[in-house]
Amino acid sequence: MRLLTHNMLSCNIKGVADGFPLRLEAEKWAEKEVELNPDFLRHIFPKIEWKALAGAAQVVGYGELPDEADATMLDSDDFLRRFHHALLEIHVEEGALVCPDTGRRFPINKGIPNMLLHEDEV
Amino acid sequence: GASIPWRASLMKLSRTAKIGLVSCHPEVYEPCDDSFALVDALLADREHLIEHRPRLCMELGCGSGYVISSLAIMLGELGCGVHYFATDINPDAAQVTRETLEAHGLHAEVISTDIASGLQKRLAGMIDVVVVNPPYVPTPEEEVGCKGITASWAGGENGRTVIDRIFPIADELLSEKGWLYMVTLTANNPTQVCRMMKEKGYASRIVVQRSTEEESLHVIKFWRDGVITNSAEGSDSWF
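Chains A and B supply the protein sequences, listed in that same order. Okay, so the first sequence: first residue is 1 according to full-length UniProt numbering, each after it adds one. Okay, so the second sequence: first residue is 81 according to full-length UniProt numbering, each after it adds one.
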């Protein structure tokens, strides 16, 4: 699971209004190089909740993202490299996503988050 | 003369996932006629898809991973400008999809979830291509969403129970220029499906129609009517 996906997931339990961001717990992660595509990064940037991305990156030991970001920073190659690395090159293999409202844990096994709900949560 | 069709079929082969590399599991639906029909529809529309320049593509109900892998292969020339999500309600299928992708040297973000639950809020309006081979087989209602492989085919009354849940979710996920490709069976009443989608503002076109001994399949493409596409499709809506 890339941090891109962490940024797009929210708690889906019925009645939870916000459920975002899910708190990332990472036991095992890997880094895999991906070719940087500035066009994709510029397109996706307005949709990214920056604090959630920076927070998740911290969890997996990547502290190179600024605390805040705005679109003017997309002109910087250095910023694009950091954004790209955090968003697409870090893969969480084992861990969990924890709902900020309910504390419900969604496990991540073999890189796949499991968002399936129990009957009483739907 | 004879070498040209052979080359053409070789070209086509290299644009889809290789069956020998598709991972399997007793509880996961293997690539079948409907999967091949969907991939053939995507192949038939491949040039449009390339021109469409999708940035995010998503498969709902990815099963073995054959379809999402094939899509990633046929859009390979778009390189790292396009990223993929794949979901399945069956965790074994999610795992098998990951294995199939890895065997092809591809990547998609795979999530075990019911359709797009947990993703649809944040991904709303962001997906440029949604592909679905839904559970379309008419079955008793209680078989819908059962554990294991049953969830891959059990479609409830007229095979429409899951299909009718998917449409509003796909509508939410699709970007303004987004395209949806869905497999349906004659028993699902595709004419009525298209009429229903037309009321929501979608035009539609049958991309592939295929009859086997057991079933007649349609792969239907939907797009928001009035949105200028990069082809002449705006004018050839099914209705």
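Simulated from the structure, these hints should not be mistaken for lab results. Any given hint could turn out to be false.
As the list claims (entries may be wrong) - Beyond 12 Å from chain A on every Cβ pair, some chain B residues (computed): (1) 161; (2) 179; (3) 238; (4) 272.
Stated by the list, open to error - Facing chain A, a subset of chain B residues (Cβ under 8 Å, in silico): (5) 132; (6) 135; (7) 171; (8) 225.
Beta carbons are placed, not taken as given, at the ideal position from N, Cα and C, and that holds for glycine.
Going down the list of hints, with the structure as the test:
Once the 12 Å rule is applied to beta carbons, residue 161 of chain B is inconsistent with being away from chain A; the minimum gap is 5 Å. The beta carbon of residue 179 of chain B is not kept farther than 12 Å from every beta carbon of chain A, the shortest such distance being approximately 9 Å. Annotated as non-interface, residue 238 of chain B keeps its C-beta farther than 12 Å from every C-beta of chain A; the closest such distance is 23 Å. For residue 272 of chain B, the shortest C-beta to C-beta distance to chain A comes to about 27 Å, beyond the 12 Å cut-off, and the non-interface label holds.
Given the 8 Å rule on beta carbons, the hint for residue 132 of chain B is violated: about 14 Å separates it from the nearest Cβ of chain A. The beta carbon of residue 135 of chain B is positioned within 8 Å of a beta carbon in chain A (closest approach about 5 Å), and the interface hint is therefore held. Taking 8 Å as the C-beta cut-off, the interface hint given for residue 171 of chain B holds, the closest approach to chain A being about 6 Å. Hint status for residue 225 of chain B: violated, given a least beta-carbon distance of 10 Å to chain A, over 8 Å.
Of the numbered hints given earlier, the model fails hints 1, 2, 5 and 8; all others are met.
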